[in-house]
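S.K.: Residues per chain, in single letters:
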Amino acid sequence: MGLENLALGFHHAVTPFNLFVAVIGITLGTIIGVLPGLGGANGVAILLPLTFTMPPTSAIILLTSLYWGALFGGAITSILFNIPGEPWSVATTFDGYPLARQGQSGQALTAAFTSSFVGAFFSIVLITFFAPILAEIALKFGPPEFFAIQLLTFSSFVGLGGGNPLKSLVSILIGFILAAVGLDIVTGQLRMTFGFTDLMKGFDFIVAVIGLFGVGEILLSVEEGLSFHGATTGMNLRVVLDTWKTLPRYWRTFVRGSFIGFWMGFKPGGATPASFMSYAFAKRFSRHPERFGKGELEGVVAPETAAHAAGVAAMLPMITLGIPGSPTAAVMLGGLIIWGLQPGPLLFKEKPDFVWGLIASMYTGNILGVLMVLAGVPFFAAILRIPFAILTPLIVVVCAIGAYAVHSSMIDIWYMLIFGVVGYVFKKLDYPLAPLVLALVLGDLAENALRQSLIMSQGTLTIFFTRPIAGAITAVAIFFFALPVITPWWRRLRGLPAAAPAPRET
Amino acid sequence: MRTADLITAAVLIAGAALVIFDSLRLGVGWGTDGPNSGFFPFWLGVGMVAACLLIAFQALRRSADKPFVQRAQLSSVLKVLWPATAAVVLMQFVGLYVASAIYMGFYMRWVGRHRWATVAAIGIGVPVATFFVFEKWFLVPMPKGPLETWLGY
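Those sequence lines, one after another, are chains R and F. Take our numbering: the final residue in the first sequence is number 665, and no numbers are missing along the way. Take our numbering: the final residue in the second sequence is number 1064, and no numbers are missing along the way.
Calculated from the structure, these hints are not laboratory results. Every residue, glycine too, gets a C-beta built ideally from N, C-alpha and C. Do not rely on the hints blindly, as some may be mistaken.
[Claimed, not checked] Think about it this way: if two alpha-carbon atoms lie no more than 25 Å apart in a straight line, the pair counts; the simulated SDA-like pairs of lysine to any residue are: (1) 587(R) with 1003(F); (2) 587(R) with 964(F); (3) 1047(F) with 570(R); (4) 990(F) with 1026(F); (5) 508(R) with 243(R); (6) 586(R) with 978(F); (7) 360(R) with 1003(F); (8) 586(R) with 1003(F); (9) 977(F) with 322(R); (10) 587(R) with 958(F); (11) 360(R) with 929(F); (12) 587(R) with 380(R); (13) 586(R) with 1036(F); (14) 1055(F) with 577(R); (15) 442(R) with 396(R); (16) 587(R) with 974(F); (17) 360(R) with 978(F); (18) 587(R) with 1026(F); (19) 1047(F) with 361(R); (20) 453(R) with 243(R); (21) 587(R) with 970(F); (22) 1055(F) with 568(R); (23) 1055(F) with 211(R); (24) 1047(F) with 178(R); (25) 586(R) with 914(F); (26) 587(R) with 1037(F); (27) 990(F) with 577(R).
[What the hints assert, rightly or not] Facing chain R, a subset of chain F residues (Cβ under 10 Å, in silico): (28) 916; (29) 919; (30) 921; (31) 925; (32) 958; (33) 965; (34) 1015; (35) 1019; (36) 1023; (37) 1027; (38) 1038; (39) 1044; (40) 1053.
This is chain R alone, in the form it adopts within the complex:
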């Protein structure tokens, strides 16, 4: 049954217009991935208003292609400029930049793009087979199950996200509170508006994404005073083909990275730990662990495979459950609602052409993407040579346009600036931004699921434990929430030293 549907999907994805849209999306996405201060999430947010008049399938193809492009673009800056555009590109710089310094940037880039492609492809194949099954199971879910899944989503930020778990919790709560501002659609009452009419429509998460990730990131990056010292590219067909000949040697690293990436990736906040874990494993199993960090090709292959497998896997909960696994997926989810689609398991039944078109476009998008970035590296690397004084105001203007276009309202540009300052302060103080955005997106859904569950149970919380599926998910969620408390206690009991703080996901 799966393959027939996939064929249907290809029928929708491989039209001249949709392929054209994919090419545009990948080009823009790679540019966005290369530019400092712009990444997948706010790139998708800024482009979202342009998709309002498109057919939904083309619109989602544009946005997902942009996402693939941004993922590829992150590798270019990591290797050539030692600037990780996204947190999951950090591990790529360890060996990628030394390779570039040794004049092997062509090999490093080819290895990075190929690994990204392999990791992504692996995840797409798994999504093709698992998504329909998961959607089928999710059709039986009621409000308690959905609320339990939301709990699980946010508990994994607190328990597995790294950094200070209390700050992760505060970010989540801020997101939920901002989501509650404005008209309560259930009772029709105004909440937390304090008489200001501007607050009635609440805070749009797209504006929050543009401010927190776009403006906030610019403010953070200018602190160091921007100056790029890039290595030259040195890409040509011969280098690509020669590198491809050496890559099959690392098949174990590819397989391991893909599995780690997929497994970590469908839970929120998984891409960064996945890339570090894959790098660590590759180093441990290597015959030459001492070469890692000095320019070992395998050190580029491992994190890139895992990061992209995770980046693609983040789409799985979005299409099947309507719960995004990353801020970028959250923005796409917002797009779905704007295009008039109801995210969730019913999507597979009601809009099979959309869902399968999307899945098929993941195949075509990644194949097109890897070919385009391999050919276009010199062009994309040249973007970083645009002087800083031109790039910065340009990015601010683009962000302002994106924020305004959401509701055609001037106040949103002000919100964007405020969110920008908040993003800068929070990033410096190690408050994570991704859970805030996800909570802002899911706020109304989570609250409705909670209210409906409580109405079903006449107001007792036991409903989350007595239903088998909800109970199991809630139990795991509580375990994750408790993990920061349990871990030090467990370590002390075993006489182990306290763990070093894990790197923080965005």
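Could you slot chain F onto chain R? The hints should help.
M.R.: Here is chain F on its own, set in the frame of chain R:
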């Protein structure tokens, strides 16, 4: 960092107090047909106060560490922030296109010290290109001012 942590926690607690205050007005218990409007925000606010108190407590137990921001860093951040803010103020009066032309031109000349020819080409070229992409091609309207009215848009 420690002071900044304490200030942030205090601001967040104040915000949470507002949320709790408004939730109490809406009712936090069981209404006629389910939980009241204030139920969910109330517990969010309570959780926020608790978490922020713990964060503040952690920060107090730490010894003073490196400053939140150095003077030089702050000045380069403000160098980006205030022109951007000024541009947004300007947008309300002259529209997005003219405001971004002035903003980009000013910034390129002031920070980048680019030649006037470059400043003019990019400062005018980018807003014009944006105008055609958004207003003409994708039909997404942007804030407009007297210049656009004069041109007939």
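S.K.: Evaluate each hint against the coordinates.
M.R.: Hint check:
{"no.": "1", "hint": "587(R) with 1003(F)", "in the structure": "31 Å, violated"}
{"no.": "2", "hint": "587(R) with 964(F)", "in the structure": "19 Å, holds"}
{"no.": "3", "hint": "1047(F) with 570(R)", "in the structure": "24 Å, holds"}
{"no.": "4", "hint": "990(F) with 1026(F)", "in the structure": "20 Å, holds"}
{"no.": "5", "hint": "508(R) with 243(R)", "in the structure": "40 Å, violated"}
{"no.": "6", "hint": "586(R) with 978(F)", "in the structure": "15 Å, holds"}
{"no.": "7", "hint": "360(R) with 1003(F)", "in the structure": "20 Å, holds"}
{"no.": "8", "hint": "586(R) with 1003(F)", "in the structure": "30 Å, violated"}
{"no.": "9", "hint": "977(F) with 322(R)", "in the structure": "18 Å, holds"}
{"no.": "10", "hint": "587(R) with 958(F)", "in the structure": "23 Å, holds"}
{"no.": "11", "hint": "360(R) with 929(F)", "in the structure": "18 Å, holds"}
{"no.": "12", "hint": "587(R) with 380(R)", "in the structure": "11 Å, holds"}
{"no.": "13", "hint": "586(R) with 1036(F)", "in the structure": "34 Å, violated"}
{"no.": "14", "hint": "1055(F) with 577(R)", "in the structure": "23 Å, holds"}
{"no.": "15", "hint": "442(R) with 396(R)", "in the structure": "29 Å, violated"}
{"no.": "16", "hint": "587(R) with 974(F)", "in the structure": "18 Å, holds"}
{"no.": "17", "hint": "360(R) with 978(F)", "in the structure": "38 Å, violated"}
{"no.": "18", "hint": "587(R) with 1026(F)", "in the structure": "36 Å, violated"}
{"no.": "19", "hint": "1047(F) with 361(R)", "in the structure": "30 Å, violated"}
{"no.": "20", "hint": "453(R) with 243(R)", "in the structure": "17 Å, holds"}
{"no.": "21", "hint": "587(R) with 970(F)", "in the structure": "15 Å, holds"}
{"no.": "22", "hint": "1055(F) with 568(R)", "in the structure": "12 Å, holds"}
{"no.": "23", "hint": "1055(F) with 211(R)", "in the structure": "21 Å, holds"}
{"no.": "24", "hint": "1047(F) with 178(R)", "in the structure": "23 Å, holds"}
{"no.": "25", "hint": "586(R) with 914(F)", "in the structure": "16 Å, holds"}
{"no.": "26", "hint": "587(R) with 1037(F)", "in the structure": "32 Å, violated"}
{"no.": "27", "hint": "990(F) with 577(R)", "in the structure": "16 Å, holds"}
{"no.": "28", "hint": "916", "in the structure": "6 Å, holds"}
{"no.": "29", "hint": "919", "in the structure": "6 Å, holds"}
{"no.": "30", "hint": "921", "in the structure": "13 Å, violated"}
{"no.": "31", "hint": "925", "in the structure": "13 Å, violated"}
{"no.": "32", "hint": "958", "in the structure": "5 Å, holds"}
{"no.": "33", "hint": "965", "in the structure": "5 Å, holds"}
{"no.": "34", "hint": "1015", "in the structure": "4 Å, holds"}
{"no.": "35", "hint": "1019", "in the structure": "5 Å, holds"}
{"no.": "36", "hint": "1023", "in the structure": "3 Å, holds"}
{"no.": "37", "hint": "1027", "in the structure": "14 Å, violated"}
{"no.": "38", "hint": "1038", "in the structure": "8 Å, holds"}
{"no.": "39", "hint": "1044", "in the structure": "8 Å, holds"}
{"no.": "40", "hint": "1053", "in the structure": "6 Å, holds"}
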